[in-house]
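Chemist: Chains as they are written, first to last, in my numbering: chain A, 1 to 492; chain B, 1 to 68.
These are calculated hints, taken from the structure and not from any lab test.
By construction, the Cβ of each residue, glycine as well, lies at the ideal position given by its N, Cα and C atoms.
Examples of chain B residues lying across from chain A (beta carbon under 10 Å, computed): (1) R9; (2) T16; (3) A51.
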Amino acid sequence: MIPHKQNDGRIIDPARELGCIGKYDVLVVGGGMAGTGAAVSAARLGCKTMLIERETSLGGLATIGLVNIPLDFSCGIGKEMLSRLDQVSGHWHRNSDPEKHKLILDRMTKEAGVDLLLHSYAVDSIVSGGEIKGVVVESKSGRQAVLADRVVDSSGDGDAAFFAGCEYKSGRPSDGMNQACSLEFRLGGVDWDLYLESDLKKNDPRWIKLIEKAVADGAMPYMIENHLNWVTHLPGRPQHCKMDELSLCFAHSRNCRPLDARDLTRMYLEGREQADILWRFIKKRVPGFENCYLIDTATLLGVRESRRITGEYVMQAKDIAQWRRFDDVITMSGHGYDLHNPDGPGNIKWAEMEIDGKQCYAICHTGYGSSWLPPGGLDALTDGFGRKGKDMKFPDLPCYDIPYRCLVPLKIDNLLVAGRCLSADFMAQSGCRLVLACMNMGQAAGTAAALSLRARVAPRKLDRITLQNQLLRDGMELGQKQRRIPGLDTNK
Amino acid sequence: MKVIYSVERGCTHCGTCIYECPAGAIRITSGGAVIDRAKCTGCGRCMANCASEAIKKTVTDNINGKEQ
Chain A
1 MIPHKQNDGR IIDPARELGC IGKYDVLVVG GGMAGTGAAV SAARLGCKTM LIERETSLGG
61 LATIGLVNIP LDFSCGIGKE MLSRLDQVSG HWHRNSDPEK HKLILDRMTK EAGVDLLLHS
121 YAVDSIVSGG EIKGVVVESK SGRQAVLADR VVDSSGDGDA AFFAGCEYKS GRPSDGMNQA
181 CSLEFRLGGV DWDLYLESDL KKNDPRWIKL IEKAVADGAM PYMIENHLNW VTHLPGRPQH
241 CKMDELSLCF AHSRNCRPLD ARDLTRMYLE GREQADILWR FIKKRVPGFE NCYLIDTATL
301 LGVRESRRIT GEYVMQAKDI AQWRRFDDVI TMSGHGYDLH NPDGPGNIKW AEMEIDGKQC
361 YAICHTGYGS SWLPPGGLDA LTDGFGRKGK DMKFPDLPCY DIPYRCLVPL KIDNLLVAGR
421 CLSADFMAQS GCRLVLACMN MGQAAGTAAA LSLRARVAPR KLDRITLQNQ LLRDGMELGQ
481 KQRRIPGLDT NK
Chain B
1 MKVIYSVERG CTHCGTCIYE CPAGAIRITS GGAVIDRAKC TGCGRCMANC ASEAIKKTVT
61 DNINGKEQ
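Input sequences plus hints: build the corresponding full structure.
Modeler: Next comes the structure, spelled out in structure tokens:
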């Protein structure tokens, strides 16, 4: 109880002693894909591990956010997860069943021996002498502390790192605006086969012309988004009987402030209104969707970007366009710039940068189909080395490395970050934030936490070769098949 | 008889097939992913991992790749 002081109107939270849930080797904050990867890997390496999650199930956006499209490199724990989903018909075509996905993650954490605590918000960090010592959680059980020798912040928003006083950046450099947020929704009663064979799927697969027309003739009251971002086909449901279920990324909230509860509220309400508009428009205009109905909207808003915790290295936009490799690679990503426009429809798949003294608009690969074009249009685009038009060259295996240093925040020791709050600039983060990229970063962070404990060094000082060799033993791909990584056991 | 995988229209350039292909037979062009039939071993991992169901399997009995 907090006494209300009548006189000056201020409300003071008095100092109080907190109960302690326990002391752990590794505490993982946030049970999305990154957190699950971190907790499972740390626990498998013998650490007493706690995973706290504010929602009621694991998986975060990949499950309750209905982003059931686990893209990017499948390796390590991510690959194991996909094959377990395969066994229960919960995965096909890189589309997963969110419900089965939750259950698989529950089982994987349980089997690894992770102590899981759901429905618990991290509300503060416990710091002493430049080291994080634990986190304060708020739940139905009240406010309690969890102590740990290593903390992995996979909260998405970088909450634990923020509370610990880490430096961070948020939003685009010019005005701090964050990427657009999306509330995904599911449709049922779809004739998927008819849609796949339709002219629309063949000629306008991202519905660009369809949407243009709908806005012009009023079937869509305003331009919610100028293209369909993705549609997934839920596995293990009725199929080939005109009763397919799909999940769509279509709704978009712009001008968002995902660290503000008021604006989050606004976006949830707006997302549900948009889903209502969109599914009615889809039912009217898209072949195969004539009898479709809205199953649900996601219970978790798809926030693409908020705090990016400044680490030992900050991934640069140029690193992606130049497909840069790092000696301290802990995972790879193949996803180029994918910036959902903060203040208008469309995605931006190019980045403005200086290459050899020239101002360039670089793209990562030729897949910029639905992007807004820079001033000068198509002709202005270059590859990461400033080459234009037919001279543009892209590697056969277009992927770049995420270095370990991006998971190690400056200043605060014993803390690692994983997932979309990694240390990266605005454009670089727009690429390396996909479902499996986050899980891979999580596995690396959990492994680093465990190995640094074993070696009795701060994660910052952990020998990267020890870490990489362990990751390779655990099935991760670091690009060792394509190139020589100095010092590793399994160089080819 | 040879199994041939080809990318139909609808490719979203996500690149997943490239990473999944054990033969290094796929690359992205401005028109989407393209599978090199000479390198393709017919394992089908591209089709199984294509999130937009843009990859089609055809069975042919002649090496020119004519559909049966």
